[in-house]
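Novice: Assemble chain B onto chain A, guided by the hints.
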Amino acid sequence: MRICESAAEAVEGIEDGSTVLIGGFGMAGMPVELIDALIEQGATDLTVVSNNAGNGDTGLAALLAKGRVRKMVCSFPRQHDSWVFDGLYREGRIELELVPQGNLGERMRAAGAGIGAFFSPTGVGTPLAEGKETREIDGRTYVLELPIKGDVALVGAHRADRMGNVVYRKTARNFGPVMATAATTTIVQVREVVEIGDLDPEQVVTPSIYVDRVVAV
Amino acid sequence: MSSAALTKDEMAARVARDIPYGAYVNLGIGQPTLVADHLDADAGVVLHTENGMLNMGRAAVGDEVDPDLTNAGKQPVTELPGSSYFDSAESFAMMRGGHLDVCVLGAFQVSAGGDIANWHTGAPDAIPAVGGAMDLAIGAKQVFVMMTLFAKDGSPKLVPSCTYPLTGVGCVARVYTEVAVFDLTPDGVVVLDTFGTTYDELAERLDVPLTQG
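As they're listed, the protein sequences go chains A and B.
1 is the number of the first residue of the first sequence in the numbering used here; add one for each residue after it.
1 is the number of the first residue of the second sequence in the numbering used here; add one for each residue after it.
The hints are simulated quantities; they were obtained by calculation from the structure and are not laboratory data.
Note that the coordinates shown come from a computational prediction; the quantities given were computed from them, not determined experimentally.
A hint or two may mislead.
DMTMM-like mimics (lysine to aspartate or glutamate), calculated; alpha carbons at most 25 Å apart, straight line [to be verified]:
no., chain 1, residue 1, chain 2, residue 2
1, B, K74, A, D81
2, B, K152, B, D187
3, B, K141, A, E33
4, A, K71, B, E201
5, B, K74, A, D86
6, B, K141, B, D125
7, B, K74, A, D36
8, A, K66, A, D86
9, A, K149, B, E178
10, A, K66, A, E133
11, A, K71, A, E133
12, A, K71, A, E40
13, B, K74, A, E97
14, B, K74, A, E9
15, B, K141, A, D138
16, B, K152, B, D207
17, B, K74, A, E40
18, A, K66, A, D138
19, A, K149, A, E12
20, A, K66, B, D125
21, B, K152, B, E90
Here are the computed distance ranges between Cβ atoms for each label pair [what the hints assert, rightly or not]:
no., chain 1, residue 1, chain 2, residue 2, range
22, B, D200, A, A113, 55 to 63 Å
23, A, A113, B, A4, 32 to 40 Å
24, B, R58, A, D198, 47 to 55 Å
25, B, T7, A, E40, 50 to 58 Å
26, A, I39, B, A126, 42 to 50 Å
27, B, P124, A, F119, 30 to 38 Å
28, B, T148, A, A8, 51 to 59 Å
We treat Cβ as the ideally placed atom computed from N, Cα and C, and that holds for glycine.
Bound conformation, chain A alone (with noise of 0.2 Å):
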């Protein structure tokens, strides 16, 4: 766990063709500053797993106006604001997997928690389960989903202690502690780092152990 002085040096060494989680419910929890220094370092051909696609011109939607994701992995990437997602996906120059909300949350939970595969009821006799495989359980029918592993998480987050303990504020917390635990490697911004022993170990949400880099904003 290192402590970053800057959004810069938080995202060095992120490589092209990198698989990125994105925290954030629209602009709720997302990693900002940390999209902006990854714009800066110039990776490229990457897949971005998110639960949106970007709202506005500013932190995901400027990292697809540059033209740096190949691929999109989300819920809901249409909105009133999602502007540069659409003109790029009616071009024809971005690819999109659209993932139920619940089954891209849990298919990032089972990559974090070692789990190879689980079946979900979730979007069964959908289009969004064609050519998956099924099975009956109980008289129910699920469709069998695969983990989302990351090279890569930017999470945006409330505060974090020296050791990498993490809190997060209201309904910003969204995907940010099933993402953390999904990526090799996990960058969290937070608004404030404080000392070891701050923070009350029974509020921690993300233990430090799945944090890798965290930077004050």
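Specialist: Relative to the frame of chain A, chain B by itself:
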């Protein structure tokens, strides 16, 4: 039976009336959100929002607006005493695990057998987006749909079988529309209530067999 079709607010009030005391409820984006305005504080209903909160309060105004506290439609909201926050994986475990009593969804089409289509028109230039709709549709103990009964071109949205891509199979319990409320039962579609129309008129206009409730 009432003499006029319901307004959107009256539809929302009609849905709210059927939500049991103390229920844990998820209201979908769009029209279903209106149901919250018609739930009495003493009904003990706890609202779930899929981005990770229970006991969500009303929309935030003025100084209450906090970018870290939004609903599934990404609008700023407030918290009520007794609220809790959790991550997305847990939020959807609550749905799939059968812990949510009711969800209210909008729809393009519902079939007599309870299939719902509400995420994609299938049009070639449409950008598909599903969000939590598929998880909600199969997860909540009871799925209520709130929609107009007829599309803009006059075609019925309660149909023998959906032509739009499906969201969930056989999961809708009840359909609330501006002109009638329908129960979808294993024995068929039962008309519970009509507003500004008659059972005979509905039977005439819909392509699904109806029973009078």
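Novice: Do the alpha carbons of B:K152 and B:D187 lie within 25 Å of each other, as the hint requires?
Specialist: Violated, at roughly 30 Å.
Novice: Could you grab the alpha-carbon distance between B:K141 and A:E33 and see if it respects the 25 Å cut-off?
Specialist: violated (41 Å)
Novice: A:K71 and A:E133: Cα distance at most 25 Å?
Specialist: holds (23 Å)
Novice: Should the hint that B:P124 and A:F119 are 30 to 38 Å apart at their CB atoms be regarded as holding?
Specialist: holds (32 Å)
Novice: Regarding the pair B:K152 and B:E90, is the alpha-carbon distance no greater than 25 Å?
Specialist: Roughly 38 Å between the alpha carbons, so the hint for B:K152 and B:E90 is violated.
Novice: With a cut-off of 25 Å on the C-alpha distance, tell me whether A:K66 and A:E133 pass.
Specialist: violated (37 Å)
Novice: Please verify whether B:K74 and A:E97 have alpha carbons no more than 25 Å apart.
Specialist: At roughly 22 Å apart (the allowed maximum being 25 Å), A:E97 and B:K74 satisfy the hint.
Novice: Sort out whether B:D125 lies within 25 Å of A:K66, counting only the CA atoms.
Specialist: Holds: A:K66 and B:D125 sit about 23 Å apart, inside 25 Å.
Novice: Against the 25 Å threshold, does the CA-CA distance of B:K74 and A:E9 hold or violate the hint?
Specialist: Measuring from Cα to Cα gives roughly 31 Å; hence the hint is violated.
Novice: Straight-line Cα separation of B:K74 and A:D86 no greater than 25 Å?
Specialist: Since the Cα atoms of B:K74 and A:D86 sit roughly 19 Å apart, the hinted pair holds (cutoff 25 Å).
Novice: Run the distance test for B:K74 versus A:D81: straight-line Cα separation, threshold 25 Å.
Specialist: At roughly 11 Å apart (the allowed maximum being 25 Å), A:D81 and B:K74 satisfy the hint.
Novice: Given the range 47 to 55 Å, decide if the beta-carbon distance of B:R58 to A:D198 lies inside it.
Specialist: violated (34 Å)
Violated hints, in rising order: 2, 3, 4, 6, 9, 10, 14, 17, 18, 21, 23, 24 and 26; the structure is consistent with all others.
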